[in-house]
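Chemist: So you can see what is in the structure, the chains are spelled out below.
2 protein chains.
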Amino acid sequence: MITIAEIEAAADRARGVVRRTPLLSSPVLDEIAGRPVFVKAEALQHTGSFKFRGAWSALSAMDDTTRARGVVAYSSGNHAQGVARAAQLMGVPAVILMPADAPALKIENTRAMGAEVVLYDRAGGESREELGETLQAERTLTLVRPYDDPMVIAGQGTCGLEIAEQAAALGVTQATVLTCCGGGGLTGGIATALAAKAPGLHVRPVEPEGFDDMARSLRRGEIVRNDGPEVGLCDAILTPAPGNLTFPIARALCGPGLVVSDAETKAAMRHAAARLKLVLEPGGAVALAAALFHGDMLDPGPVIATLSGGNVDPDLFAAILTAG
Amino acid sequence: MITIAEIEAAADRARGVVRRTPLLSSPVLDEIAGRPVFVKAEALQHTGSFKFRGAWSALSAMDDTTRARGVVAYSSGNHAQGVARAAQLMGVPAVILMPADAPALKIENTRAMGAEVVLYDRAGGESREELGETLQAERTLTLVRPYDDPMVIAGQGTCGLEIAEQAAALGVTQATVLTCCGGGGLTGGIATALAAKAPGLHVRPVEPEGFDDMARSLRRGEIVRNDGPEVGLCDAILTPAPGNLTFPIARALCGPGLVVSDAETKAAMRHAAARLKLVLEPGGAVALAAALFHGDMLDPGPVIATLSGGNVDPDLFAAILTAG
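Which chain is which? The protein sequence lines are A and B, in order.
Those letters in the first sequence? Residues 0 to 323, per numbering that gives the first Met the number 0, in order.
Those letters in the second sequence? Residues 0 to 323, per numbering that gives the first Met the number 0, in order.
Any given hint could turn out to be false.
Since the list can't tell identical chains apart, any single copy or any two copies may satisfy a pair.
To be verified - In silico EDC-like cross-links for lysine to aspartate or glutamate, where the CA-CA straight-line distance does not exceed 20 Å:
id: 1; residue 1: 265; residue 2: 132
id: 2; residue 1: 265; residue 2: 312
id: 3; residue 1: 196; residue 2: 208
id: 4; residue 1: 196; residue 2: 5
id: 5; residue 1: 265; residue 2: 208
id: 6; residue 1: 265; residue 2: 128
id: 7; residue 1: 265; residue 2: 314
id: 8; residue 1: 265; residue 2: 62
Calculated directly from the structure, the hints in this document are not laboratory data.
Bound-form chain A, shown alone (with noise of 0.2 Å):
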């Protein structure tokens, strides 16, 4: 379990670096949910999601050689981004395992930020798991895993700390945060935050059908393998299992999970680009997705809901704006 010491060691080092992302809101919104509903617009942090924080967070907690060498990561493209822009921040090599089959905005904007971008066949059966120790051990390179790393999940912390201040400067002392869950990073880092910083702010995290492996173990008290197929809609939170660091966090501070509909998903999409002018991807908007429909399964009173990322290809989300 990390601390909040860490997190607010991890807010240290993002300082002049990391975007605080506004907390908005829309009365249409809240008229939908029957309940004021406010968004961490987490879409707008650099990189178009959250997880550049962990990656600054983890890049920036390394020492001076070891980071000179090199990173590494594997990813199906929003922690594949936070780490290529961390590294070319810092004037270091980072090496990017993607899916080939990834969003191509993903893989583009990977290369864009001066990553070497390796792809590999998930379909095929290719292992990046594999593929990354390789690397690791033929280039030297360092690992920085998507959530299963203290220092990544301290850093995604750092959303959660803005969260509880910007709640308080709105007088919100009690209120259900919904979280985008893939892995767990996100949503251990908020929970860890906010138990210590805001206790009346309760996180839950959401998930897509079919990828709740985070709701599936949190009911059965440990961790439960997804064991459908490997794509979907929401390709930036569909991990195969909750993590091992994140799991325990989640367990101790987040409620039940929540799970919505591919279909609910789009029409989140669709709600925040009419209501609040954000572009959100699938995955970036399940938990706005929660907050509007699934009402009925939340405590009363306010909901804090994450927009964790708007990394979507214009195709895909032209034809999810037209088809409502």
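Fit chain B to the given chain A structure using the hints.
Modeler: Coordinates of chain B only, in the frame set by chain A:
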């Protein structure tokens, strides 16, 4: 001419109500422009455009008796929503005159904010000014003009106060500030604020091709009207001529106007979605278009582009996203 004291008073009245919008950036935009580009994300303002600032300023400056009788406004949409929302928050009636061919999203949003919407036939030659005066007289409503009102200009100027502070925090003391320019309220308000608070930030208004009344008026030294069609892509900023109050401010404080094509505006909208995760309407993207594609017309150094609104119909937005 309005004073910095009037803008600061508007900022005092706006505290806790008007949103402080972020100043964002993206390395990809810097690369396209060949210089640092910052954007003031007014599409994230309440009601999706900067117009809420001026509307709140005007209504909050009225005496209680006048305000309680209600307000009337004419607008193709963004001023309408700003006035409707300010009136709703203050609990006073609002009647909004809108052209029947305004974007459906703007009409729908204005109604959703509790305003009475009266549609008029712009193409058929109905005069919104005459309709507005009739309503004013019959119902003792107070007209809130879209830009030629000192309290409205002062409210838009609060955006300039924020730009001055945010640029200073980044160490930017010399820059070109590009404003999306319709009647000149935002341009005049920001220019007045910056002249007092950040004199190294120099405003230049940006307009769409065929609607460059401000640019031509600045060249001629007197107000010149557009003589072309009244409708076009950038519906939010297609005013017939600079205002009687706003033009003298622009003449005193702003550099030459810039003109962008509709194709450049659409490209700027695509970049804003892909890189900044912001939904912009065409009229809210002209300043970014000038920053990205007309650098040869600008002094060297950083550019700050206002992104003034995001109220675009989803079908149009989707069509623009996929046309790139």
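Chemist: Each hint: holds or not?
Modeler: Here's how the hints hold up against the structure:
| no. | hint | in the structure |
| --- | --- | --- |
| 1 | 265 - 132 | neither (36 Å within a copy, 44 Å between copies) |
| 2 | 265 - 312 | both (14 Å within a copy, 17 Å between copies) |
| 3 | 196 - 208 | neither (32 Å within a copy, 52 Å between copies) |
| 4 | 196 - 5 | within (13 Å within a copy, 39 Å between copies) |
| 5 | 265 - 208 | within (13 Å within a copy, 36 Å between copies) |
| 6 | 265 - 128 | neither (31 Å within a copy, 41 Å between copies) |
| 7 | 265 - 314 | both (14 Å within a copy, 15 Å between copies) |
| 8 | 265 - 62 | neither (43 Å within a copy, 45 Å between copies) |
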